[in-house]
Amino acid sequence: MDDRQLTEAGLAATGEGRVLLLACGALAHEILALKRANGWSHMDLHCLPAILHNTPEKITPAVIAAAEKHRAAYDRVFVVYADCGTGGALQHACAELGVEMVPGPHCYSFFEGNDVFTTHEDSNVTAFFLTDFLTRQFEAFVIKPLGLDRHPELRDMYFGNYETLVYLAQTDDPGLTDKARAAADRLGLAFERRFTGYGDLASELAKRA
Amino acid sequence: MSEEEDIILADLDDEELVEQMFDDLYDGLKEEIEEGVNILLERGWEPYRILTEALVGGMTIVGKDFRDGILFVPEVLLAANAMKGGMAILKPLLAETGAPRMGSMVIGTVKGDIHDIGKNLVSMMMEGAGFEVVDIGINNPVENYLEAIEEHKPDILGMSALLTTTMPYMKVVIDTMVEQGIRDDYIVLVGGAPLNEEFGKAIGADAYCRDAAVAVETAKDYVARKHNQMAAG
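Residue numbers (my numbering), protein chains in the order written: chain P, 1 to 209; chain V, 1001 to 1233.
Looking at chain P on its own, in the form it has when it is part of the complex (with noise of 0.2 Å):
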């Protein structure tokens, strides 16, 4: 599965299963590994283009039509995102559409765990998150939206309040911890590897199965 791909067109359900995961495309690679491991192959994985992070206007949208397109061909739907900036609206949608979706603010907090993130409120408000995923996509979701690759002077302009790149793994790579750490060094910031795993994301899709 190309990352790529991922980000900028997501992923097509296969159409086989009773239950749709309609999640982020950032979600894709921690998805298929919780399905493969706890055997849930009545679930089926659509994934929205991950870019929407970027733009989280967009998500609530994109959310209400590939719900609307693609429900009845299952028994079930649950939305694979959290708040994600929509500010409640996909909240509100979900409500409204009548299915579920992840509790909390963003991935970074479902990844660690949104009881735990909590308690690291202080720290996280000076924190710029990375997940395996964005770390694999760190130039495709920062540097070039932000312009650093034409304009590496504006660095400081975007992150100069920030303290610390909190790279928050979902596994243990040495490769990636190393792409995370050489991320803050770009950025300036200091580094801090916190390993989640999958945290609240497989007892979430385990309430589903």
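One should not assume that every hint holds.
Straight-line C-alpha distance at most 27 Å; calculated BS3-like pairs for lysine-lysine [claimed, not checked]:
1) LYS1201(V) x LYS58(P)
2) LYS69(P) x LYS58(P)
3) LYS1171(V) x LYS58(P)
4) LYS144(P) x LYS179(P)
5) LYS1220(V) x LYS1201(V)
6) LYS1084(V) x LYS1030(V)
7) LYS1084(V) x LYS144(P)
8) LYS1201(V) x LYS1064(V)
9) LYS1091(V) x LYS1064(V)
10) LYS207(P) x LYS35(P)
11) LYS179(P) x LYS69(P)
12) LYS1111(V) x LYS1030(V)
13) LYS1064(V) x LYS1084(V)
14) LYS1030(V) x LYS1064(V)
15) LYS1226(V) x LYS1153(V)
16) LYS144(P) x LYS1030(V)
17) LYS1220(V) x LYS58(P)
18) LYS144(P) x LYS1064(V)
Computed beta-carbon distance windows for the label pairs [claimed, not checked]:
19) ASP75(P) x VAL1073(V): 38 to 44 Å
20) GLY197(P) x GLU1019(V): 58 to 64 Å
21) GLU192(P) x ASP1184(V): 51 to 57 Å
22) ARG36(P) x GLU1179(V): 54 to 60 Å
23) ALA9(P) x GLU1179(V): 50 to 56 Å
24) GLN5(P) x GLY1204(V): 43 to 49 Å
25) GLN5(P) x PRO1092(V): 35 to 41 Å
26) LEU1093(V) x GLY197(P): 56 to 62 Å
27) GLU1046(V) x ALA9(P): 52 to 58 Å
28) GLU1198(V) x ALA190(P): 37 to 43 Å
29) GLU163(P) x LEU1093(V): 46 to 52 Å
30) ASP1014(V) x GLU139(P): 42 to 48 Å
31) ARG150(P) x GLU1046(V): 34 to 40 Å
Just so you have them, the derived chain P footprint on chain V, three or more residues with Cβ under 8 Å [claimed, not checked]:
32) 1068-1081
33) 1110-1124
34) 1160-1173
FYI, nobody ran anything at the bench for these hints, they're computed from the structure. From the three backbone atoms N, C-alpha and C, an ideal C-beta is built for every residue, glycine too.
With chain P fixed as given, assemble chain V onto it according to the hints.
Chain V in isolation, oriented as in the chain P frame:
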């Protein structure tokens, strides 16, 4: 809008130079803007005229093209950085030459929010429009806002937030002002990417401003109304 050929700014007449400064602002050329400001000063232009006609005029074009999706955040930041260079030259001179004063504003991002690009743009454009701006920075609890408005007695309180998780804190500030009986002493303007007009109304702000240019126009409008009310009362 950029031309490849070398242009000698000092060789241009005033009108051509201002046009060229619009282009240079658009292209984020800080050194050229500083040079243009110095040339106009040498030619006897009043600092306030340079600010409004050359710098604010140029940034207005940048703001319009940003709103229309022609320019994006990196280009706006480069333009703002260029304008900042010009303003750094003009600011001390503006104070000396008694530029018109439109009103005053205390502005800061709310508790939990460190994203200040929007706030800084608003501050700069408000200063460019003749407002005195007291910038209290980032991550402000309600106490900071209350202390600042008590100390500076501004016409306007501005609050900014980029995150959906922090924007509700604006209501905490406004509710506290209501509790203390001081809400109506100030014009409260709010802004930030995830906000909208409905949110602004719901939390009891006077207005939501979708960008820096709208903030300036809204501020002028509300300050004029306030002065008219005072004159009538």
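Verification of the supplied hints:
With a C-alpha separation of about 23 Å, the suggested pairing of LYS1201(V) with LYS58(P) holds against the 27 Å cut-off. As the CA atoms of LYS69(P) and LYS58(P) are separated by approximately 17 Å, the hinted pair is consistent with the 27 Å bound. For a cut-off of 27 Å, the pair hint linking LYS1171(V) to LYS58(P) stands: about 25 Å separates their Cα positions. For the suggested pair LYS144(P) and LYS179(P), the alpha carbons sit about 17 Å apart, so the restraint of at most 27 Å is met.
At roughly 19 Å between alpha-carbon atoms, LYS1220(V) and LYS1201(V) fall within 27 Å of each other, so this suggested pair holds. This hinted pair checks out: LYS1084(V) and LYS1030(V) have alpha carbons roughly 8 Å apart, not beyond 27 Å. Restraint check for LYS1084(V) and LYS144(P): satisfied, since their Cα atoms lie roughly 24 Å apart, inside the 27 Å limit. A threshold of 27 Å between alpha carbons decides the hint, and for LYS1201(V) with LYS1064(V) the separation of about 25 Å falls inside it, so the pair holds.
About 25 Å separates the Cα atoms of LYS1091(V) and LYS1064(V), which keeps this hinted pair within 27 Å; it holds. Among the hinted pairs, LYS207(P) with LYS35(P) is consistent with the structure: their alpha-carbon atoms are about 13 Å apart, no more than 27 Å. Proximity of LYS179(P) to LYS69(P) is assessed by CA-CA distance (about 38 Å); at most 27 Å being required, the pair is judged violated. For the proposed pair LYS1111(V) and LYS1030(V), the alpha carbon gap of about 32 Å is over 27 Å, so the pair is violated.
Annotation: proposed proximity of LYS1064(V) to LYS1084(V) holds, straight-line Cα distance about 19 Å (limit 27 Å). Straight-line distance between C-alpha atoms of LYS1030(V) and LYS1064(V) comes to about 20 Å, which keeps the hinted pair within the 27 Å bound. This hinted pair checks out: LYS1226(V) and LYS1153(V) have alpha carbons roughly 14 Å apart, not beyond 27 Å. At most 27 Å may separate the alpha-carbon atoms for a hinted pair to count; LYS144(P) and LYS1030(V) meet this at roughly 22 Å.
Restraint check for LYS1220(V) and LYS58(P): the C-alpha separation of about 33 Å exceeds 27 Å, so the hint is violated. For the proposed pair LYS144(P) and LYS1064(V), the alpha carbon gap of about 23 Å is at most 27 Å, so the pair holds. At roughly 43 Å, the beta carbons of ASP75(P) and VAL1073(V) sit within the given window of 38 to 44 Å. Range check, GLY197(P) to GLU1019(V): about 59 Å between beta-carbon atoms, so the 58 to 64 Å window is met.
Between GLU192(P) and ASP1184(V) the beta carbons are some 45 Å apart, a value that contradicts the proposed interval 51 to 57 Å. A C-beta distance of roughly 55 Å is found between ARG36(P) and GLU1179(V), which places it inside the suggested range of 54 to 60 Å. In this structure the supplied range 50 to 56 Å holds for ALA9(P) paired with GLU1179(V), their Cβ-Cβ distance being about 51 Å. Between GLN5(P) and GLY1204(V) the beta carbons are some 46 Å apart, a value that agrees with the proposed interval 43 to 49 Å.
For GLN5(P) paired with PRO1092(V), a C-beta distance near 55 Å fails the hint of 35 to 41 Å. One distance hint, 56 to 62 Å for the beta-carbon pair LEU1093(V) and GLY197(P), holds here, with the actual separation near 60 Å. Judged by the Cβ atoms, the range 52 to 58 Å given for GLU1046(V) and ALA9(P) holds: they are separated by roughly 56 Å. A C-beta distance of roughly 39 Å is found between GLU1198(V) and ALA190(P), which places it inside the suggested range of 37 to 43 Å.
At about 37 Å, the CB distance of GLU163(P) to LEU1093(V) disagrees with the hint of 46 to 52 Å. A C-beta distance of roughly 45 Å is found between ASP1014(V) and GLU139(P), which places it inside the suggested range of 42 to 48 Å. For the pair ARG150(P) and GLU1046(V), the supplied restraint of 34 to 40 Å holds, since their beta-carbon distance comes to about 36 Å. Under a criterion of three residues with beta carbons nearer than 8 Å to beta carbons of chain P, the stated coverage of the segment 1068-1081 of chain V is upheld, 7 such residues being counted.
Given as covered by chain P, the segment 1110-1124 of chain V passes the check, having 6 residues with a CB less than 8 Å from a CB of that chain where 3 are the minimum. With a cut-off of 8 Å between beta carbons, the segment 1160-1173 of chain V has 4 residues touching chain P; three or more are needed, and the interface restraint holds.
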